[in-house]
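Modelling step: build the complete structure from the supplied sequences, incorporating the hints.
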Amino acid sequence: AARVGSQLGPAGGQGQLGWARSSALLPARAGGSEETGAERGPWSVPGMEKWSLMTITVLLALTVRWAVSLGSYSGAGKPPMYGDYEAQRHWQEITYNLPIRQWYFNTSDNNLLYWGLDYPPLTAYHSFVCAYIAKLINPDWVALHTSRGYESQPHKLFMRTTVSLGLALWAVLCLSHDWDLLGSVAFCLALNYKQMELYHSLPFFCYLLGKCFKKGLKGKGLVLLAKLAGTVLVSFAACWLPFGTDVEQIMQDKVANIWCSLSVLIKIKNVISPRTQLKLSFAVTFLSLLPACIKLTVQPSLRGFKFALVSCALSFFLFSFQVHEKSILLVSVLLPLLLKDELLLPYAVTTPAFLAVCLASFSILEKTSAEDLQLKAFSLSLKGYVSWFKSFPRIVRSLFLLSLSLMAVLSVLSAAVPPPQHLPDLFPVAVAVVSCLHFLLFLVYFNVVILWDSKNRGQKKIKYLEEEG
Amino acid sequence: MAAGGRGWFRALALGVSFLKCLLIPAYYSTDFEVHRNWLAITHSLPLSQWYYEATSEWTLDYPPFFAWFEYALSHIAKYFDPQMLVVENLNYASRATVFFQRLSVILTDTLFIYAVHECCRCINGKRAAKDILEKPTFILAVLLLWNFGLLIVDHIHFQYNGFLFGLMLLSVARLCQKRYLEGALLFAVLLHFKHIYIYVAPAYGIYLLRSYCFTANNADGSLKWRSFSFLHVTLLGLIVCLVSALSLGPFLVLGQLPQVISRLFPFKRGLCHAYWAPNFWALYNAVDKALTVLGLKCNFLDSTKIPKASMTGGLVQEFQHTVLPSVTPLATLICTFIAILPSVFCLWFKPQGPRGFLQCLVLCALSSFMFGWHVHEKAILLAILPLSLLSIQRAKDAGIYLILATTGHFSLFPLLFTPPELPIKILLMLLFTVYSFSALKSLFRREKPLLNWIETIYLIQLVPLEIFCEIIFPLTPWKRHFPFVPLLLTSVYCALGITYAWLKLYISVLTERTSVRQKADA
Numbered sequence: 120a121a122r123v124g125s126q127l128g129p130a131g132g133q134g135q136l137g138w139a140r141s142s143a144l145l146p147a148r149a150g151g152s153e154e155t156g157a158e159r160g161p162w163s164v165p166g167m168e169k170w171s172l173m174t175i176t177v178l179l180a181l182t183v184r185w186a187v188s189l190g191s192y193s194g195a196g197k198p199p200m201y202g203d204y205e206a207q208r209h210w211q212e213i214t215y216n217l218p219i220r221q222w223y224f225n226t227s228d229n230n231l232l233y234w235g236l237d238y239p240p241l242t243a244y245h246s247f248v249c250a251y252i253a254k255l256i257n258p259d260w261v262a263l264h265t266s267r268g269y270e271s272q273p274h275k276l277f278m279r280t281t282v283s284l285g286l287a288l289w290a291v292l293c294l295s296h297d298w299d300l301l302g303s304v305a306f307c308l309a310l311n312y313k314q315m316e317l318y319h320s321l322p323f324f325c326y327l328l329g330k331c332f333k334k335g336l337k338g339k340g341l342v343l344l345a346k347l348a349g350t351v352l353v354s355f356a357a358c359w360l361p362f363g364t365d366v367e368q369i370m371q372d373k374v375a376n377i378w379c380s381l382s383v384l385i386k387i388k389n390v391i392s393p394r395t396q397l398k399l400s401f402a403v404t405f406l407s408l409l410p411a412c413i414k415l416t417v418q419p420s421l422r423g424f425k426f427a428l429v430s431c432a433l434s435f436f437l438f439s440f441q442v443h444e445k446s447i448l449l450v451s452v453l454l455p456l457l458l459k460d461e462l463l464l465p466y467a468v469t470t471p472a473f474l475a476v477c478l479a480s481f482s483i484l485e486k487t488s489a490e491d492l493q494l495k496a497f498s499l500s501l502k503g504y505v506s507w508f509k510s511f512p513r514i515v516r517s518l519f520l521l522s523l524s525l526m527a528v529l530s531v532l533s534a535a536v537p538p539p540q541h542l543p544d545l546f547p548v549a550v551a552v553v554s555c556l557h558f559l560l561f562l563v564y565f566n567v568v569i570l571w572d573s574k575n576r577g578q579k580k581i582k583y584l585e586e587e588g
Numbered sequence: 013m014a015a016g017g018r019g020w021f022r023a024l025a026l027g028v029s030f031l032k033c034l035l036i037p038a039y040y041s042t043d044f045e046v047h048r049n050w051l052a053i054t055h056s057l058p059l060s061q062w063y064y065e066a067t068s069e070w071t072l073d074y075p076p077f078f079a080w081f082e083y084a085l086s087h088i089a090k091y092f093d094p095q096m097l098v099v100e101n102l103n104y105a106s107r108a109t110v111f112f113q114r115l116s117v118i119l120t121d122t123l124f125i126y127a128v129h130e131c132c133r134c135i136n137g138k139r140a141a142k143d144i145l146e147k148p149t150f151i152l153a154v155l156l157l158w159n160f161g162l163l164i165v166d167h168i169h170f171q172y173n174g175f176l177f178g179l180m181l182l183s184v185a186r187l188c189q190k191r192y193l194e195g196a197l198l199f200a201v202l203l204h205f206k207h208i209y210i211y212v213a214p215a216y217g218i219y220l221l222r223s224y225c226f227t228a229n230n231a232d233g234s235l236k237w238r239s240f241s242f243l244h245v246t247l248l249g250l251i252v253c254l255v256s257a258l259s260l261g262p263f264l265v266l267g268q269l270p271q272v273i274s275r276l277f278p279f280k281r282g283l284c285h286a287y288w289a290p291n292f293w294a295l296y297n298a299v300d301k302a303l304t305v306l307g308l309k310c311n312f313l314d315s316t317k318i319p320k321a322s323m324t325g326g327l328v329q330e331f332q333h334t335v336l337p338s339v340t341p342l343a344t345l346i347c348t349f350i351a352i353l354p355s356v357f358c359l360w361f362k363p364q365g366p367r368g369f370l371q372c373l374v375l376c377a378l379s380s381f382m383f384g385w386h387v388h389e390k391a392i393l394l395a396i397l398p399l400s401l402l403s404i405q406r407a408k409d410a411g412i413y414l415i416l417a418t419t420g421h422f423s424l425f426p427l428l429f430t431p432p433e434l435p436i437k438i439l440l441m442l443l444f445t446v447y448s449f450s451a452l453k454s455l456f457r458r459e460k461p462l463l464n465w466i467e468t469i470y471l472i473q474l475v476p477l478e479i480f481c482e483i484i485f486p487l488t489p490w491k492r493h494f495p496f497v498p499l500l501l502t503s504v505y506c507a508l509g510i511t512y513a514w515l516k517l518y519i520s521v522l523t524e525r526t527s528v529r530q531k532a533d534a
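Top line first, the protein sequences correspond to chains A and B.
Just so we're aligned, residue 120 is where the first sequence starts under our numbering, counting upward by one.
Just so we're aligned, residue 13 is where the second sequence starts under our numbering, counting upward by one.
Quick caveat, the hints were computed from the structure, so don't treat them as lab data.
Under the rule of at most 27 Å between Cα atoms (straight-line distance), these lysine-lysine pairs were calculated in the DSS-like manner: (1) K460/B to K169/A; (2) K362/B to K408/B; (3) K330/A to K425/A; (4) K453/B to K169/A; (5) K425/A to K333/A; (6) K206/B to K190/B; (7) K408/B to K169/A; (8) K516/B to K362/B; (9) K254/A to K491/B; (10) K190/B to K236/B; (11) K491/B to K301/B.
Every beta carbon over 10 Å from chain A, so not counted as near; a handful from chain B, in silico: (12) F21; (13) N101; (14) L119; (15) P495.
Treat the numbers as computed from the prediction; the structure is a model and nothing was measured.
By construction, the Cβ of each residue, glycine as well, lies at the ideal position given by its N, Cα and C atoms.
Laid out in structure tokens, this is it:
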């Protein structure tokens, strides 16, 4: 590079400021010497300040999100039911115009069959606040009955903003670290926002319970337990108070709806009766959760907690009754959903971009040894039995590349090739099968990591991580 | 980010390309229809009809190479949607058409990426910065690849500036690497793609003459007349003639040259675009309007004598100023010429190699922007992009760059007026501005601050201006009677900033030269 730089000087002559030399003659250089990283004085700020890097990252994330939103949204221009966008708008209409007691009940003004409110109260309060702002900007957006299917450009802009704010709320809630009380309040709020959070409730419960046990049930542990119970009760009360005595009825209705209303079920297996299906799925889910939760209660650690969150959510997703794709929020699984909503372009751009960023920053293809994957303890205990464990890194790498290529092939096929006549659902089913295999594998992996997380390996490390929060 | 070799360049290029793909469904302006029309004209009609066709109002007004470029594209277009190639299909915009045109812009930007890569190679990387984010080449790559103006003009508003600027930057890089003939060839080709680059032709001409045709200087740096090389001049002349022959030759043979010239330089259009480009004439118009209002109030002027045609009425036609003298195309040409002269003289009498050439180039572009006839606000990019190359070298240039880039980019806001694009343009603008400020500040952290307090206040005032124009004003009752007020305010406010940056750059270039002369004499 230096040699190329020196070519840029003018044709001959001394005392001329060439391109190369002018940059070296900046007046502030101390004694004209080259600066190295080690020679920085006490007054200098290392590199670009942290705040500007953070700002740029956040701005970039927001820009990408808004650019993605330039595309269509689910149910755009599709009467009579439209889609989730219309559902959100409808909830704003309901919460703003009707008194609180009527939000969850079927009345003449509130037809529960047209996107009835089926999320807990915090979502309703959030919709209410948004509706208030919407009313200030343009009352037509939330007028009772007449605003159904309202789609206009400024309104689209407004709705996108409210979604972002909702997510910001989530982000703020999730930021609590080792503050147990604040964390439990936050979790209760989250639970009251979307009941899908129930997936995460068991690890929370077990982790906090385990912490209480560790502190000893006689002294500090009991105090902590009491405080936690108190905060949970208070949070729930605060959310449900406006509903007064109707709470019982609401809960009954909703739970009844989820489990027993046959007419709304999409996937029905005609072999076993629904009640047996229910019991079976409940049993399997519970069994798959059990090992991780027991381990967490007996040996509460932050690392174990995080792993347990993932494995419990996976168990619920895999085995529970009537699950919606959105509860997994993994991009590849959303493919059929996105194709239905004509969101192919954002998918085709963000998935490779996200993968590229992950691959680059996590150096996935390099860290494939047993040590890196935290399976050292597991591999040690298996050493005697299985001899192919030696080529572990290569197996992992090839598995990873295989799964990536499989997903890429399925994506391209789903988007470009029409399915054969006698198998119209070929591609969504294929995606579902592939994803299911992946998730089962991950479930096994995470459970293995949790269970073999031995005391020797991690005593110091766990303590350090816990202190670090 | 892994600080390995050129991995970061690829990441930057790939990242911005992904972002461009996401912008495919965004709003596009009438320029989209313009290019679709040109695809249709060049595909469906014979060469002799290209510059005569007038079914659509958007007639072909770029030089022949661009027409050939559209012709080449049309052969790929027919696989996407053959209907777009029918001349009568005015305003045809099927999804395949939009996808194809947007994709063509994204793919032709590869030339721009390559040119940026070459420019980064030319920069002297003497500052061995440990952190990748501090390297001047990294900063330059981001400032060019992620340039806000280029992104929104090319990938939202829709134009093909990417590869054209790629050609320009590539020719600059070649001249910096002393590959003069290649640089000259690239610029000649560029001129025949889009003739707006004639703004910077004087810089090229003088620099090539001075540094290539005269091969040596005297000891004190002045010209050695005897080192004139006929060979070099002949080669240059040959290149220019060859390129012009390739481009205009067919039309010369057909006797259509006057028609082509009249299409390329339509002086029937007014002094200013419907939205005044923030140049000297915007200030001139504003003063004229203010004096008119003042004159009416104080009864110096007769209200019946004032012409009704409004300058911001959205029509592009001839109009008269009321108080100040009217401006003719010849007047603007003379003003531009006078404005360019000092920088050209500097380049001739005291060439400082590629840096001097770049300074002259930026000044020519800016001066033409300031005084040109019917200048588009997008032309400010002609000055901003080359100035990026200078900004990472010296703190003074960095300060001027920050003012010019921020103001110039802000003046592009009225191009995107639709609600869905509002968050995008604000976020992208913030992204670019925050990055340019923090990166250049950290690069020159050992010197005094890049901007003084007046400049900082001026730039900060852009925020309330934007809030007023986009949010407050539409909710007031004035919107119906004076719809042009936000445009007027933006234009005039940015004109102040751009004029200031132009003057500051001029002064710094002129005073730098004299100090060099003093040093050399001493």
